[in-house]
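A.B. asks: Here the structure of chain A is known, so what remains is to put chain B in place on it, guided by the hints.
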Amino acid sequence: MNEKSSLISKSTGSDIEVKNLSYQPGTVKKPILQDVSYTFTEGHMTALLGPNGSGKTTLLRHILAQIKCPEGAVLINGKDTNGFAPKERSRKIAWVPQNSSGDSAFSVEEVVLMARYPYKGTWDDDSEEDKKIAEDAMRAVGVLELRNRNFPSLSGGERQRTLIARALAQTTPWILLDEPTSNLDIKHQIGIMQLLHERVQKGNLSVVVVMHDFNMVERFCDRAILLSDGKVVSMGNTRDVMTREQISSVYETDFDIIEKDGRRFFFPKDAK
Amino acid sequence: MKKEPLKRSTMTLTGGSLLLLLVIVVIWASAVGAVPVPFVQSARIVLAKLPFVNKEKLLRDIPDSSKLIIWNIRLPRVLLAGLVGGGLAAAGVVMQALFRNPLADPQVLGISSGAAFGAAVAIAFGITFSVLGISSIWMFAFVGAMLTMLLVFRVARIATSRSVTGILLAGIACSSMLTAAITLLMMKKRDRLERIYLWMLGSFSSASWIKVGFMAIVLVGAILCFTILGRDLDLLSFGDHEAQSMGVSVKRTRTVAVVSTSLLVAASVSVSGIIGFVSLIIPHIMRLLVGPKNRRLIPLSLLGGAIFMILCDLISRTAAAPAEIAVGAITQVTGAPFFLYLLWKERRREERD
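Chains as they are written, first to last, in my numbering: chain A, 1 to 272; chain B, 273 to 625.
This is chain A alone, in the form it adopts within the complex (with noise of 0.2 angstroms):
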């Protein structure tokens, strides 16, 4: 996995300011966010942890402006993220979601391609600039091979792997992404962890991602916040945030942790 310095995003980041957000959908009993409160800063990489349906993924809805804060705000650089255009904002944030609903036969290329979309007119085609960036981002994470296969044929290993293509060709400041390494093997998600915390190394990057493996967000992530029942838990430095007591309440499940060459291992035991 190489460094392609096409995928260097063009446009400084900028910090995302998460200020006092609750949601409540109406038809939902239990509030789904309360209050929450964090500053991502730029050029880390950090985890949202938390068991399911705490609110990890409304959480980066909200950044994206798929859903309108009722109270408080998400700020982008300072400004509201409900007040960019869709391309401007597309072109500060790249998200990665859990599973894609593309189903129309377009080519993995073709895909990668449609990132370019926020820097292009209406009718622009697609540059030669453009081409090789999309294939540096299908390089990055191997399915340069896959280039002229067709997206949903693809299987879901492929597919996230070709979304992660996509948001890298976006070359945003930020990624956010979803469980990215949840459908895919060990070498891969290995991979891909190992290119975004590299990008985020270089200061190249800045990256917010939703997961469940302990022991990846160890060795790659260096913030962490920790959601239960939509509030935040604990925030902070991996290592604080990842306490064997913190992980074990919130989880509901006792954890083993083991020391080896200053990384912690989490070992699940029981459930609660």
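Everything labelled a hint here was simulated from the structure, so no lab data went into it. Keep in mind that the hints are not guaranteed to be accurate.
[Said to hold, decoys possible] Just a sample of chain B residues kept apart from chain A, beta carbon distances all over 10 angstroms, derived: (1) A315; (2) F401; (3) R464; (4) L507; (5) S509; (6) P564.
[To be verified] Each computed SDA-like pair below joins lysine to any residue, with the alpha-carbon atoms no more than 20 angstroms apart: (7) K87(A) with V528(B); (8) K565(B) with K19(A); (9) K120(A) with C497(B); (10) K19(A) with A73(A).
Glycine is no exception: its CB is placed at the ideal position from the N, C-alpha and C atoms.
C.D. replies: The following block gives chain B in isolation, referenced to the frame of chain A:
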């Protein structure tokens, strides 16, 4: 399922051949009829109307009657069929992208019935005025088409947006409701029954140059909108959220698409009545040829739809001459089995997933 990337030349070749075919079909369809005119003469008569050609030389020793038949009767009819067919096929491409459903079609979803109902209301209650040459009947048809489209869209989204059947059921319900309403109108206003009934059938027998001009203007406007939206519609195939995250103004795209397709469907219905399934067959065939990119599908479907409709109309007026078969019946006969086939294929795909 490896496929070669589609070369620009493939697209040019397909487009070029369709364009050539269209020209031939226009001339041929103008030549055929109760009074046959040789193909070459027909070509010369059609060509003579183009600017910057030597009319005298072209039209030498062609009988006046042939000129009159082609120019006043057949050509407007052929062109109107072409414009409506092309328009409906292009509208089909956009509707299928908008509803994210390969079975979306103005007739299947009841949009055509909505337009016909609007028109029927105007006729039944004698609302006839015109603003800047645009008749009230067409305006009513437009409002009918757009309201139906919005309604179907709403209902289908409530009934789980990804299901093929949800949207079809919504369309069928709207369509039967509107057809029943039209029938009621016809019962109430028996004196206008025949005029309303003509709308339901679909026919180009009342073609005129005025209708050709009107249809051409609406078509050019709609196709321009469609082409502008082409790339947005590609991205929209990934759903609202993914499209938005890549920079698409989902609301704007949807509004422009709904308004422009409604205008086009309403215009088609108002000049020729309800003609179904063109918007289903042609885009599907074109998709097999050039893939799912809307900017390719729209112009090719336009050409393909025009050719298909001109041929269907040719059958409609020659197969049982001197009687006419409604062209709507002919597109139905070819289209309905095709629709069933698509439905069957779609079900199989859903079961596989």
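A.B. asks: For each hint, tell me whether it holds in the structure or not.
C.D. replies: Here is how each hint holds up against the structure:
1. A315: Given that every Cβ of chain A is farther than 10 angstroms from that of A315(B), nearest at about 35 angstroms, it holds.
2. F401: For F401(B), whose nearest Cβ neighbour in chain A is about 37 angstroms away, the distance exceeds 10 angstroms, so it holds.
3. R464: 45 angstroms, holds
4. L507: Non-interface label on L507(B) violated, nearest chain A Cβ at 5 angstroms vs cutoff 10 angstroms.
5. S509: At roughly 4 angstroms from the nearest Cβ of chain A, S509(B) sits no farther out than 10 angstroms, so the non-interface label is violated.
6. P564: 4 angstroms, violated
7. K87(A) with V528(B): Within the cut-off at roughly 17 angstroms; holds.
8. K565(B) with K19(A): Judged against 20 angstroms, a Cα distance of about 41 angstroms means the pair is violated.
9. K120(A) with C497(B): 18 angstroms, holds
10. K19(A) with A73(A): It holds: about 5 angstroms lies between the C-alpha atoms, which stays within 20 angstroms.
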